[in-house]
Structure formats: C-alpha cells, structure tokens
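Since the structure of chain G is provided, determine the placement of chain P on it from the hints.
Quick note, the sequences are listed as chains G and P, same order.
Going by the working numbering, the letters in the first sequence line up with residues 1 to 567, in that order.
Going by the working numbering, the letters in the second sequence line up with residues 1 to 271, in that order.
To be clear, the hints were calculated from the coordinates, so they are not data collected in a lab.
Each hint should be verified, as a subset may be incorrect.
Below 30 Å or equal to it, Euclidean Cα-Cα: the simulated BS3-like pairs (lysine-lysine) are [stated by the list, open to error]:
{"id": "1", "chain 1": "G", "residue 1": "K323", "chain 2": "P", "residue 2": "K44"}
{"id": "2", "chain 1": "G", "residue 1": "K347", "chain 2": "P", "residue 2": "K44"}
{"id": "3", "chain 1": "G", "residue 1": "K323", "chain 2": "G", "residue 2": "K471"}
{"id": "4", "chain 1": "G", "residue 1": "K471", "chain 2": "G", "residue 2": "K71"}
{"id": "5", "chain 1": "P", "residue 1": "K254", "chain 2": "P", "residue 2": "K134"}
{"id": "6", "chain 1": "P", "residue 1": "K134", "chain 2": "P", "residue 2": "K160"}
Far from chain P, some chain G residues (derived; all Cβ distances over 12 Å) [as the list claims (entries may be wrong)]:
{"id": "7", "residue": "Y117"}
{"id": "8", "residue": "F282"}
{"id": "9", "residue": "T401"}
{"id": "10", "residue": "L411"}
{"id": "11", "residue": "L441"}
{"id": "12", "residue": "L538"}
For each label pair, taking beta carbons as the anchor points, the in silico distance ranges come out as [what the hints assert, rightly or not]:
{"id": "13", "chain 1": "P", "residue 1": "L48", "chain 2": "G", "residue 2": "S82", "range": "42 to 50 Å"}
{"id": "14", "chain 1": "P", "residue 1": "R71", "chain 2": "G", "residue 2": "L120", "range": "51 to 59 Å"}
{"id": "15", "chain 1": "G", "residue 1": "A522", "chain 2": "P", "residue 2": "D128", "range": "27 to 35 Å"}
{"id": "16", "chain 1": "G", "residue 1": "A104", "chain 2": "P", "residue 2": "G106", "range": "53 to 61 Å"}
{"id": "17", "chain 1": "P", "residue 1": "D233", "chain 2": "G", "residue 2": "R177", "range": "28 to 36 Å"}
{"id": "18", "chain 1": "P", "residue 1": "G106", "chain 2": "G", "residue 2": "Y504", "range": "34 to 42 Å"}
{"id": "19", "chain 1": "G", "residue 1": "L120", "chain 2": "P", "residue 2": "D233", "range": "52 to 60 Å"}
{"id": "20", "chain 1": "P", "residue 1": "L48", "chain 2": "G", "residue 2": "F426", "range": "50 to 58 Å"}
Note that the coordinates shown come from a computational prediction; the quantities given were computed from them, not determined experimentally.
The C-beta atom is built at its ideal place from N, Cα and C for all residues, glycine as well.
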Amino acid sequence: MSDVLLLVQAAADTTHAYRDFPLIGARAAVWIAAEVHLMFAAFVLGVPMFAVVTEAIGIFGGDERYDRLSKEFTRLLLVAYSATAIWGAILVFFLATLYPRFWAYLTAVFGTSMWVYASLFFVESFTLYLYYYGWDRWKKGRAKLWHWTLGILLNVWGTIVMFIANSWLTYMMTPPRDITPTTDPTTIKLWHAIANATWMPINVHRLIANVVFGGAIVGAYASYRFLASRTAEERAHYDWMGYVGNFIAISALIVLPFAGYWLGREIYQYDQSMGITMMGGFMSWLWVIQAFLIAVLFLTGNYYLWVGMERIPGAERFRPYTKWLLVVLVLGAIVWGTPHTMIADSKELAAMGGSHHPFLGALGVMSAKNTAVNLMILTTFLSFLMYRRANRRPVVPWADTGTRIQGAMFLVAAGIVLFYGIRGYFVEAIVRIGYSVYQVLAVLSCILFVTVIDILMARGAQSLGAIQWGKMPPRSQYALFILAVTFTWLMGLMGFARSGIRQYWHVWQVVEDTSKYAATPALGYAARMISLCVLIFLSLVAFVFWLGGLAEKSTFVSQGEARHVGH
Amino acid sequence: MRLPPGIRRYADHPFWQAVTILVLAYVLIVFVIPLLPGSALVPKSVVLQYMATVLVGVLIYVSDNEGRWRRFQEPIRAMLIERRLKLVRAGVLVAVTLLVGCLTLGQVRTTVSAPPNLRSIHPAPPADITFRGKTMTLTGLENPLRREPDSLAADLALGKRVYYQNCLPCHGDHLDGQGHYASGFNPLPANFQDNGTIAQLTESFVFWRIAKGGPGLPREGTPWNSAMPVWEDFLSEREIWSVILFLYDQTGWKPRTWEKSGEQGAGSGHD
Numbered sequence: 001m002s003d004v005l006l007l008v009q010a011a012a013d014t015t016h017a018y019r020d021f022p023l024i025g026a027r028a029a030v031w032i033a034a035e036v037h038l039m040f041a042a043f044v045l046g047v048p049m050f051a052v053v054t055e056a057i058g059i060f061g062g063d064e065r066y067d068r069l070s071k072e073f074t075r076l077l078l079v080a081y082s083a084t085a086i087w088g089a090i091l092v093f094f095l096a097t098l099y100p101r102f103w104a105y106l107t108a109v110f111g112t113s114m115w116v117y118a119s120l121f122f123v124e125s126f127t128l129y130l131y132y133y134g135w136d137r138w139k140k141g142r143a144k145l146w147h148w149t150l151g152i153l154l155n156v157w158g159t160i161v162m163f164i165a166n167s168w169l170t171y172m173m174t175p176p177r178d179i180t181p182t183t184d185p186t187t188i189k190l191w192h193a194i195a196n197a198t199w200m201p202i203n204v205h206r207l208i209a210n211v212v213f214g215g216a217i218v219g220a221y222a223s224y225r226f227l228a229s230r231t232a233e234e235r236a237h238y239d240w241m242g243y244v245g246n247f248i249a250i251s252a253l254i255v256l257p258f259a260g261y262w263l264g265r266e267i268y269q270y271d272q273s274m275g276i277t278m279m280g281g282f283m284s285w286l287w288v289i290q291a292f293l294i295a296v297l298f299l300t301g302n303y304y305l306w307v308g309m310e311r312i313p314g315a316e317r318f319r320p321y322t323k324w325l326l327v328v329l330v331l332g333a334i335v336w337g338t339p340h341t342m343i344a345d346s347k348e349l350a351a352m353g354g355s356h357h358p359f360l361g362a363l364g365v366m367s368a369k370n371t372a373v374n375l376m377i378l379t380t381f382l383s384f385l386m387y388r389r390a391n392r393r394p395v396v397p398w399a400d401t402g403t404r405i406q407g408a409m410f411l412v413a414a415g416i417v418l419f420y421g422i423r424g425y426f427v428e429a430i431v432r433i434g435y436s437v438y439q440v441l442a443v444l445s446c447i448l449f450v451t452v453i454d455i456l457m458a459r460g461a462q463s464l465g466a467i468q469w470g471k472m473p474p475r476s477q478y479a480l481f482i483l484a485v486t487f488t489w490l491m492g493l494m495g496f497a498r499s500g501i502r503q504y505w506h507v508w509q510v511v512e513d514t515s516k517y518a519a520t521p522a523l524g525y526a527a528r529m530i531s532l533c534v535l536i537f538l539s540l541v542a543f544v545f546w547l548g549g550l551a552e553k554s555t556f557v558s559q560g561e562a563r564h565v566g567h
Numbered sequence: 001m002r003l004p005p006g007i008r009r010y011a012d013h014p015f016w017q018a019v020t021i022l023v024l025a026y027v028l029i030v031f032v033i034p035l036l037p038g039s040a041l042v043p044k045s046v047v048l049q050y051m052a053t054v055l056v057g058v059l060i061y062v063s064d065n066e067g068r069w070r071r072f073q074e075p076i077r078a079m080l081i082e083r084r085l086k087l088v089r090a091g092v093l094v095a096v097t098l099l100v101g102c103l104t105l106g107q108v109r110t111t112v113s114a115p116p117n118l119r120s121i122h123p124a125p126p127a128d129i130t131f132r133g134k135t136m137t138l139t140g141l142e143n144p145l146r147r148e149p150d151s152l153a154a155d156l157a158l159g160k161r162v163y164y165q166n167c168l169p170c171h172g173d174h175l176d177g178q179g180h181y182a183s184g185f186n187p188l189p190a191n192f193q194d195n196g197t198i199a200q201l202t203e204s205f206v207f208w209r210i211a212k213g214g215p216g217l218p219r220e221g222t223p224w225n226s227a228m229p230v231w232e233d234f235l236s237e238r239e240i241w242s243v244i245l246f247l248y249d250q251t252g253w254k255p256r257t258w259e260k261s262g263e264q265g266a267g268s269g270h271d
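Excised from the complex, chain G in its bound form (with noise of 0.2 Å):
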C-alpha cells in the first residue's frame, strides 16, 4: 500500500517540487551553502567557548594575557559570525528556490522553532556586539563579571541556535516511526519532530566537535601569526596561543569518539539497514578514510608536543621515550587503518581466497581497531604528561610512590584494553560490543586518576626552568595547520556520512526525493565536493584571519607582562 502512496507522490512531483541550479546542479548548489554554513557555525559556536573560558582564567587566574586573548578572539567572531549568517541565508534561498515542496513540507513541521531560530540569531548577534564593544569598558571589578557573564550568554544561545537547527536535520534522519508518507505535517506536534531519536546524540556530539574545531582555528589563527611575526616577543605570544588552542582541541577530541559512537548506536537502533549501509555498507570506506585522519590529528598532534619539548628546559629528560610512544602511533594507526574488505584486482582476490585477507583480516575487525584507538589515546596522554612534567620536578615526598603508582596505572589500563581486544577475536559478537565499554572506560579512569595525582604531586614543584616561548622550528607551525584542515576535512566527511544514509530520502521513508539529483553520490564525487567545501571555508578563513590583523594590532603583550610559564 505505501509502495502504491509512494508511486502517487512521485508521479506528482513533477515540475513544480524541484528546479535546478545553473552549471553545477541544485544537488551541488546546496551541499556547498549547507557545508560552508555548517563550517563557519561550527566556527562562531566553537570560539566563543574558548573565549569564555579564556576570559575566566584571565579573570581568576589574574593573568592578563588570558584576557587579551580571548579578545583577540571575539574580534575574529564578528566577521565570523557575518559569514555564518550570508552562508545560512544562501542555503535557505537555495532549499525554498530549488526545492520548494520540500521546504514547504519542512516549515509545516518546523515553522514555529524557525521564528524563535531567527529571533535568538538576533539576540545573539546583540550580544556577541555588547560582549565586544564592551571589553575596555567593562573591564574592572564588578563590572568584568556582568562583562564575562556576557560571554556566558553568547554561548547559551549558540547552543540553542544550534539545537534547533539539529532537531530539523535529525528528522530528515529519524523522524518518529508513527509519522508516514501519508501524514500531513501540519498535524506533526513540534515537540514530537524534534525530539527524535538522534537530535540529543547529535546535540552532544556537535557541542564537543566545535570544542575541537574551535580549539584548532585557533591553533591555526595562532601559527599564521606566529609565522608572520617579526619580534621574538609576538613570537612567544602566539606560539604560546598555538600551545592553548592545541591543548584545547586535543582533550576535546579524545572523549569525540564516545559521542560518536552513542550516535551511531542511536542510529542501529532506529533502523539496522540505515546503520548497516552506513558502517558496513557502501559508505564504510568513509570510516577507513575517517580511521587515516584520526590517525594524523593523533601523529601531528603528538609531534606538535614532542617539537615543543625542545623549548622546556629539563624535558630531555623525557626525549628518549618519545619514539617508542611513535612505534605505539604508527602501529596504531596501520592496525586502524586496515580495511576489512581489501581493495584488489582479481589475481590478488584469488590469492587471498575473497576480499578478506586470510591474516590482515583479523587487523580489519571492531576489536583490532578498538584496541588500536584505546592504546593510540593512552599514548597521546602519555606524551601530554611528559610535556606537562617536563620542566617540574616534583617535591613531595611520595614522589616515587605516586610516580610508580601512575605507570601501573597505565599497565593495567592497557593490559585491560589488549585483554578485551585479543578475547574479543573468541566471543560471539553480542558480547564483543560490550567489550568495548570496558576498553574505555578503562581509559578513562587512568586518563582521570593519573591527572588528579599528577595535580597533587605538582604541588610546591621545583621549576627547571621557564618554557621559552616563541623557540619553536616553523616545521611545528606548520602541524597546527594540518590539525585544523584534518578537522574541517572530517567535519564535512562524517557530516556527508551522516546525510548520505538517507539515500533517495528527503526525509528516511516519509518524503521520497524524486529529482533528478536522487541517486547517492559516488565516493569519489562525495571527496572532491568535501574538500571543494574545505577549500572554500578555509580561503575565506584565511581572509577573516588577514582582517583580524588588519583591523587592530595583536594583542601579544611585552616582555614584563609575560611573565606565566603556566602550561
């Protein structure tokens, strides 16, 4: 009968349901405004959590450098921010011009949450204007707390801008399963289209992704300045940016996984043959490419650290162990990058008996690649802990006793995570799945217990030294650079993952796309337009960071003011 439904509804989307868009196609036209919208949101709702929390250290830690930072930054906001809102008026004329009954279908359901859309967009751009042009003046006392909680604010309705956007994509994904082909959408209750089963997965996976990529434009903004500086000292300040933006983006990207995987499961619960397509169909060599970038942000993202202990004095202490932490990444990284099915011509299908290699093939299953990820995220810590003890010498006098304490920590951590991975080859997939719980949360505690003895020993350290800021080769610059264009690569990668699932679907088995763009797009086109996407935003990023020093001079302070070694 539905089949009959859909047949109906086909048949009437002729002429007027599409139109299309010169040159590239209407497909095209909205992938592009939708990724570079998406890039720059991700860009406006990232930052200003960084500013936040930025302008709070200023504020408690008493260090004004803090302060002049996060400045700096909400400067970069307001061109941004503009871009953002040109971008998401560009997709909204694409979606209402090029797919009219679709957008009509979508503001039936959706219209009301899109008057408070664009209302708090409003309120949000008033605030981002007094957070501001209200830095000098609310600068003191009293005054720098409304000032902060300003900030606050900002990302308060960030979040809900960007909540209420979610729930319109995550019902085109999974819209609730008593809504049909046959259901008139003026009917559908707000709260029912909104609250579907992956717009909380999504919320929360999104709001730690723009921690990451706010955390890495700013790694990027800060090597830009750093390789365009011309005193030692604005050197030093923005070599130290780089540190802060780095940091900040590798701790948030390390509980991303989590997110993404209670996401995917929402998904296999909606609806297998969706999860299947997604992970084991046509769309998981998305996850091998995935698998290869994650691996570099997790190679740069060490050498970015292991570079940098070259400016710490007593962190020699430390260098010789770096290249066996480099073995563990690069085994890591051959372990979760290895395909399950291979690609290969027939002579080589042959000789392996099928698409799985008789011995590679084990490295190409869910309890390799746990394995490898769980080990490559206890050796990334490992490195982070090095860099942080590097000029301290601890001086309480359990010292030793916690020292050791921490490394058997990490043994065991990673005995469990190597237990479960190798066990996992002879159990029944049912329980594999839950293997992986134990792989993590395993991580985690020793990630949480190893920090908190580390905080207690540092107490009263002895220094070895100041970290000399700004002594850093612009080889190192140069892997901030690739931290932030792996992440927006990946941001539009995941995010075509996510949308492709739908295949032939505006909305998954409700309303049928029947243009002529239907059909899913080949991997290969998918590539080229992600990273046309990329190249766009990160052109136009490029000139957003130029107007950034243009507009006012740097905010590096001198010499005397610079006196935080603080990491």
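Relative to chain G, chain P alone:
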C-alpha cells in the same frame, strides 16, 4: 652486540636509520607476511597504505628534534651540492626519473585484468522481505528450526543435502568459497570459514541473502556483480533455514544474536 665503528656511524645516523626502517618495513609487508602460515600476498593498495603510514612515522622521528633533523638533512644536502658527489647526484637523478617513469607506466599501461573495484561486503538488508508471497520481518528474526531440538538432526541432514546439491559447485567442499566454478567468478563465492562472513551475521541476514541472491541486493553499492541465484525460486523456506543450520554447524561459527528487547536494531550487520 657492538657494531664495528664503520657500520655504527651509519647505524647511528638518522638518514640511514630512516632508509633502513623503510626498507625493512617493505620487506616485512611484501615478503614476510605472505610467508606466515595461512597468510597470502598483501594487495598493492594495502602495501601503499602501510608504507605511507610508516613513511609519516619515519618523517616524524627524524624531525621531532632539531639536532636529529639537521643530521638527517646533511647527506641530502651534501648529495645536492657537493662537487665530490657529482656521480651520486647524477645516479640519484637517473634513479628518481626511472622510478617515476616506471610508476607512471604501471598506472597507464593496458592490462588484461579488470581494474580493482571497491566492493562493500555488507549490503544493508531491508526491514522486511516477501518470501513466496509471505511477508517476513528480518529484524529480530531467529532461525525457527532452532526452536525444534527434536528435529534438529534431521534438519541438519536436510541442510547438508541441500548444500551438496546446490551450493557445492561454487562454495566448495570445505565451505571455503573454493568450489569447482569459483575461479570463474568475480567477486569470488563467499568463504564461510572466514571470520568475516557468516560469523558476523544474524541468520535472518543469511536467509535474506540466500532467498534473494544477487538480484535482491540493494540499489546502493551497485554494481554488485554477484552470481548468487535467487534460491527462493528453487528451495522451500525450511530448506533454506536447514542449509543455514548446516553452514554454522560445519564451520563452527555461532550466528550473531539480537540484542534484548528495545535494542534489537544494534545486533546485525557489522561488528
């Protein structure tokens, strides 16, 4: 073990360390892995992937320290500018040109074999199928024959007969995809002994694949090029469930099970 000073000079030098690591990695991947028991040659795409990862690791190793990075560059710099190394320079120039030429030729020359294709191994099953006019919901579906322990032996015997009468020519006597006709197919018939096939799947998925065959594969991910017949035209529902029993019994794999109530969606497809 102490190395002679002449060799140690090279062994301690980051440039030669990098070269040695790359050569060893290549030898390990291309020559040693295929020699391991039960292994096979490593496809070129995977060799490239592994070598690229090792190369990135090596570059990180030689450049994460200013002193090591400077030493690493020394021989390259010397080879490029020093007069006494004129011959080496010319040799490297020729070698690099030849290498690029060979790689290009390898990419563009005409061969008789079909180009490698990207094949996804887990087609997404529909929520329900129609089997000889009867609608079957695949989500949460178990093999009904397992609920009848008394007739299990008879069902297994039936499954064995069905397998040997219908599946053997392609999937082979050992259920390893090496039947008499196997070499004529691309993609090869599924190897049930491999831990990546039925071991990862629910029995309802296997039922769908047998019943609907190649023509029943989903639209996305085409062309599948599967030669698997539509067995619902030749076998009854009981015969298909029986042959599934036989596949799991013979290989020793356990079928993937569904999660408990409310979570049934997560139990199928991939691991």
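Would you pick out the hints that fail for this structure and give their numbers low to high?
8, 20
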